[in-house]
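**Q** Chains A and B are the protein sequences, given in the same order. Every letter in the first sequence is one number past the one before it in this note's numbering, and letter 89, counting from 1, is 89. Quick note: to get this note's numbering, add 438 to the position in the second sequence (first position is 1).
Do not take every clue at face value.
Stated by the list, open to error - Below, simulated DSS-like cross-link-like pairs (lysine-lysine); rule was C-alpha separation at most 30 Å, straight line:
(1) A:LYS326 with B:LYS621
(2) A:LYS31 with B:LYS764
(3) B:LYS736 with A:LYS326
(4) B:LYS450 with B:LYS774
(5) A:LYS31 with A:LYS253
(6) A:LYS298 with B:LYS869
(7) B:LYS593 with A:LYS394
(8) B:LYS661 with B:LYS691
(9) B:LYS602 with A:LYS298
(10) B:LYS469 with A:LYS326
Claimed, not checked - Among chain B residues calculated to face chain A with C-beta under 10 Å, some are:
(11) TRP453
(12) GLY473
(13) ASN724
(14) ARG808
(15) VAL850
(16) THR851
Said to hold, decoys possible - Footprint (simulated), chain A over chain B, 3 or more residues, beta carbon under 8 Å:
(17) 564-576
(18) 728-735
(19) 764-770
Hints were generated in silico from the structure; no laboratory data involved. It should be emphasised that the depicted structure is a prediction, and the values quoted were computed from it without experimental measurement. For every residue, glycine included, the Cβ atom is placed at its ideal position computed from N, Cα and C.
2 protein chains.
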Amino acid sequence: MNIVLLSGGSGKRLWPLSNDVRSKQFIKIFKTETGEYESMVQRVYRQIKTVDADATVTIATSKTQVSAIHNQLGEDVGISVEPCRRDTFPAIALATAYLHDVQGIAGDESVVVCPVDPYVNDDYFEALKALGEQAAKGEANLVLMGIEPTYPSEKYGYIIPATKEPTSRVETFKEKPDVETAKSYIAQGALWNGGVFAYQLNYVLDKAHELIEFTDYADLFDKYETLTKISFDYAVVEKEPEIQVMRFAGEWKDLGTWNTLTEAMSEPTIGDSVLNDTCDHVNVINELNVPVVCMGLKNVIVSASPEGILVSDREQSSYIKPIVDKIEQQIMFAEKSWGSFRVIDVDESSLTIKVTLNPGHRMNYHSHQRRDEIWNVISGEGTVIVDGMEQPVKAGDVVTMQAGCRHTISAVTELKLIEVQLGEEISVHDKQKFELEA
Amino acid sequence: MNIVLLSGGSGKRLWPLSNDVRSKQFIKIFKTETGEYESMVQRVYRQIKTVDADATVTIATSKTQVSAIHNQLGEDVGISVEPCRRDTFPAIALATAYLHDVQGIAGDESVVVCPVDPYVNDDYFEALKALGEQAAKGEANLVLMGIEPTYPSEKYGYIIPATKEPTSRVETFKEKPDVETAKSYIAQGALWNGGVFAYQLNYVLDKAHELIEFTDYADLFDKYETLTKISFDYAVVEKEPEIQVMRFAGEWKDLGTWNTLTEAMSEPTIGDSVLNDTCDHVNVINELNVPVVCMGLKNVIVSASPEGILVSDREQSSYIKPIVDKIEQQIMFAEKSWGSFRVIDVDESSLTIKVTLNPGHRMNYHSHQRRDEIWNVISGEGTVIVDGMEQPVKAGDVVTMQAGCRHTISAVTELKLIEVQLGEEISVHDKQKFELEA
Chain A
1 MNIVLLSGGS GKRLWPLSND VRSKQFIKIF KTETGEYESM VQRVYRQIKT
51 VDADATVTIA TSKTQVSAIH NQLGEDVGIS VEPCRRDTFP AIALATAYLH
101 DVQGIAGDES VVVCPVDPYV NDDYFEALKA LGEQAAKGEA NLVLMGIEPT
151 YPSEKYGYII PATKEPTSRV ETFKEKPDVE TAKSYIAQGA LWNGGVFAYQ
201 LNYVLDKAHE LIEFTDYADL FDKYETLTKI SFDYAVVEKE PEIQVMRFAG
251 EWKDLGTWNT LTEAMSEPTI GDSVLNDTCD HVNVINELNV PVVCMGLKNV
301 IVSASPEGIL VSDREQSSYI KPIVDKIEQQ IMFAEKSWGS FRVIDVDESS
351 LTIKVTLNPG HRMNYHSHQR RDEIWNVISG EGTVIVDGME QPVKAGDVVT
401 MQAGCRHTIS AVTELKLIEV QLGEEISVHD KQKFELEA
Chain B
439 MNIVLLSGGS GKRLWPLSND VRSKQFIKIF KTETGEYESM VQRVYRQIKT
489 VDADATVTIA TSKTQVSAIH NQLGEDVGIS VEPCRRDTFP AIALATAYLH
539 DVQGIAGDES VVVCPVDPYV NDDYFEALKA LGEQAAKGEA NLVLMGIEPT
589 YPSEKYGYII PATKEPTSRV ETFKEKPDVE TAKSYIAQGA LWNGGVFAYQ
639 LNYVLDKAHE LIEFTDYADL FDKYETLTKI SFDYAVVEKE PEIQVMRFAG
689 EWKDLGTWNT LTEAMSEPTI GDSVLNDTCD HVNVINELNV PVVCMGLKNV
739 IVSASPEGIL VSDREQSSYI KPIVDKIEQQ IMFAEKSWGS FRVIDVDESS
789 LTIKVTLNPG HRMNYHSHQR RDEIWNVISG EGTVIVDGME QPVKAGDVVT
839 MQAGCRHTIS AVTELKLIEV QLGEEISVHD KQKFELEA
């Protein structure tokens with residue numbers, strides 16, 4: 001099975017866990033059988049590999065997510081990096097060209113596309129496999145998954161199948177309706193369109209060439225910024241007469257809001273928390289290392305992260321976006337290609353961060369014009385290079401760097417340090433990168 | 439006016455703002471006319487000085503509060519330090535001996551005793567003054583304040599006056615009643631006993647000599663630990679026939695719980711917070727530098743501090759103590775004689791704290807057996823002494839100290855530093871203090 005997972009952009013609907021640099025799909029929120037926590041993307045990847053150990057998984061995403069994907073899934077996963085956001089048709093075209101030109105997938109092989117963030121069971125991935133197999137038959141150019149509705153939702157588009165067979169020709173598509181219209185669609189046998197479909201690789205590659213002038217993957221990548229934003233539904237699906245739908249009746253949730261996310265939690269709380277016995281239907285997700293105490297709350301969601309604290313009525317939580325959009329905030333935590341950092345103190349002329357470098361990784365070689373820095377290594381072993389001078393470091397070592405000096409650090413074992421930044425105008429944009437001489 | 443403010447022990451009823459080292463009376467929670475925030479003790483002290491600029495104010499407290507008192511009130515305030523807690527009779531006896539022997543107050547001057555934490559207006563302090571003046575007349579040995587009840591409270595003891603006059607002989611005292619009994623007391627004209635009273639200094643000094651064998655203040659201080667715990671009410675008030683009560687009908691609240699504290703806030707929130715328009719009767723006190731967002735909450739109190747986060751229904755918040763008593767927690771913030779510190783990162787073999795030294799102050803000269811330390815000065819100017827070697831420091835300087843080495847830092851201007859502690863068993867108890875050679 002060749003599967004393309006569309007990994008959407010960052011957003012604030014799950015603030016303070018998600019924000020401009022941290023996407024919901026990377027938040028470790030699901031408890032596994034071993035008691036560890038995994039993220040949406042880790043859960044989906046694990047499930048795919050359970051159903052088909054040989055599946056080729058490619059994640060179509062922006063470059064801001066590449067570090068997080070490698071940190072969470074390792075290096076085996078394919079990534080089709082979108083140089084910028086251009087909606088789903090360019091993204092799927094690019095991923096398809098990537099599969100063909102970089103991964104060497106043959107033109108008649110089928111490809112399954114699905115979002116990276118459904119909360120589903122293994123039967124969903126069995127259904128994806130069946131979708132691919134159906135596409136491989138060539139009875140239709142596109143085979144969609146039609147999800148059996150469980151309620152008349154206004155959130156989804158609907159697919160009207162021609163018959164009630166498990167696999168049917170698509171009669172027509174319907175835009176997101178109001179509840180009454182949704183009820184009438186469902187009475188007609190309509191299915192939810194979850195944005196999941198399969199095709200033979202050449203089909204989308206040909207469509208891409210029809211609509212975009214390019215030679216191969218590298219060329220498409222280079223001119224990606226010039227492409228028009230257009231959705232795959234609009235550019236392809238709605239215009240395609242040879243199109244089938246396969247029914248899926250298993251559990252399917254999209255975890256886009258606090259309300260749906262907390263319903264998918266196997267236990268009511270994650271992290272350090274105490275709920276007294278007068279609490280009812282309360283969820284806590286606490287990423288801080290101090291306790292959250294809840295007393296006498298009903299239908300409340302509490303989440304605390306380095307970015308802030310949300311306390312919301314369950315229903316109200318779906319209206320969070322405009323509120324947090326107004327909050328101007330420094331990024332307090334981020335995953336990087338080499339590990340992660342967290343801001344631990346902000347003062348007038350200084351910023352203190354905790355840096356964790358993963359074993360075998362190093363930062364870019366860089367300098368800052370307007371700030372000095374001090375590294376206090378608190379654990380692990382590694383090597384620093386400062387203005388070309390290399391030296392090993394371990395816990396207890398201190399490295400001071402004046403503004404303008406070039407520096408990097410690499411980790412042999414996991415290495416943690418407290419970085420003190422000193423200057424009047426500290427900014428993430430004050431950074432020049434350099435090549436390291438061999 | 440000679441006034442003794444009884445400053446009670448620390449407690450967790452206002453967790454996460456108060457805890458084992460931080461008492462509620464030092465939390466800056468009241469907005470002043472200038473827009474600054476002041477604590478209970480600052481508010482009361484300011485109010486006393488407004489009513490009587492020449493008042494002699496002495497705070498009777500334990501040594502753990504001395505630093506916070508000097509930080510918040512300056513050096514002018516008198517402090518009668520209890521070497522350990524021995525209930526109110528020994529505390530008031532010690533404070534009275536302190537007034538006599540250290541402050542030189544004459545035996546026939548009157549002394550007014552009141553708790554440090556009432557939330558009251560200036561008329562309360564006018565009433566205290568009147569109480570002192572009444573005691574000076576010598577009509578009775580003790581003059582109590584009787585607060586006009588506003589509801590049949592179960593929380594207070596009651597004073598039954600002999601007459602309805604503004605000043606009356608006390609007929610009798612009643613223990614904390616149930617609501618029905620309280621109603622019947624109030625129908626009889628009973629008043630709340632707020633633990634406020636005045637006497638001529640010699641009266642309590644004589645009582646102290648009757649009950650405790652001691653020569654003077656220094657002697658009483660030295661044997662304080664051997665004294666029996668006994669309340670002033672039990673030892674003196676309830677046995678005294680020559681006792682009067684003066685009515686007080688002004689506003690009077692004791693701010694012992696989240697519920698009463700938040701009612702005294704002039705604005706619903708303190709600190710970085712956003713409440714959407716579906717919130718109703720919500721208070722937020724946020725001491726962290728990230729926002730608290732509240733949505734759709736009714737009658738909820740939210741408080742976030744370096745120690746933790748409380749989210750509680752308003753009524754339920756009065757049951758907090760047993761819950762937070764169970765939380766075993768490192769102290770994350772403390773005021774010290776020289777300034778304050780805050781824990782900003784906790785890791786397996788390191789602890790990182792931010793230290794603020796007030797101008798002109800210095801830490802004790804000390805060493806640690808089991809940890810190394812690194813000081814990263816982030817602002818201000820001062821002087822460090824490490825193993826007897828003195829050198830000036832400023833922002834950007836780094837000082838490293840191996841375990842065993844003696845060190846201190848003093849601030850010329852306000853000085854802030856990030857202290858990285860490194861060791862396997864980091865403990866506040868791992869500290870030896872030394873005298874600094876002149």
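**Q** Are the hints correct? Go through all of them and say.
**A** Going through the hints against the structure:
no.	hint	result
1	A:LYS326 with B:LYS621	violated, 52 Å
2	A:LYS31 with B:LYS764	holds, 26 Å
3	B:LYS736 with A:LYS326	holds, 23 Å
4	B:LYS450 with B:LYS774	holds, 19 Å
5	A:LYS31 with A:LYS253	holds, 17 Å
6	A:LYS298 with B:LYS869	violated, 46 Å
7	B:LYS593 with A:LYS394	violated, 59 Å
8	B:LYS661 with B:LYS691	violated, 36 Å
9	B:LYS602 with A:LYS298	violated, 48 Å
10	B:LYS469 with A:LYS326	holds, 26 Å
11	TRP453	holds, 7 Å
12	GLY473	violated, 20 Å
13	ASN724	holds, 8 Å
14	ARG808	violated, 13 Å
15	VAL850	violated, 17 Å
16	THR851	violated, 13 Å
17	564-576	violated (count 0)
18	728-735	holds (count 8)
19	764-770	holds (count 4)
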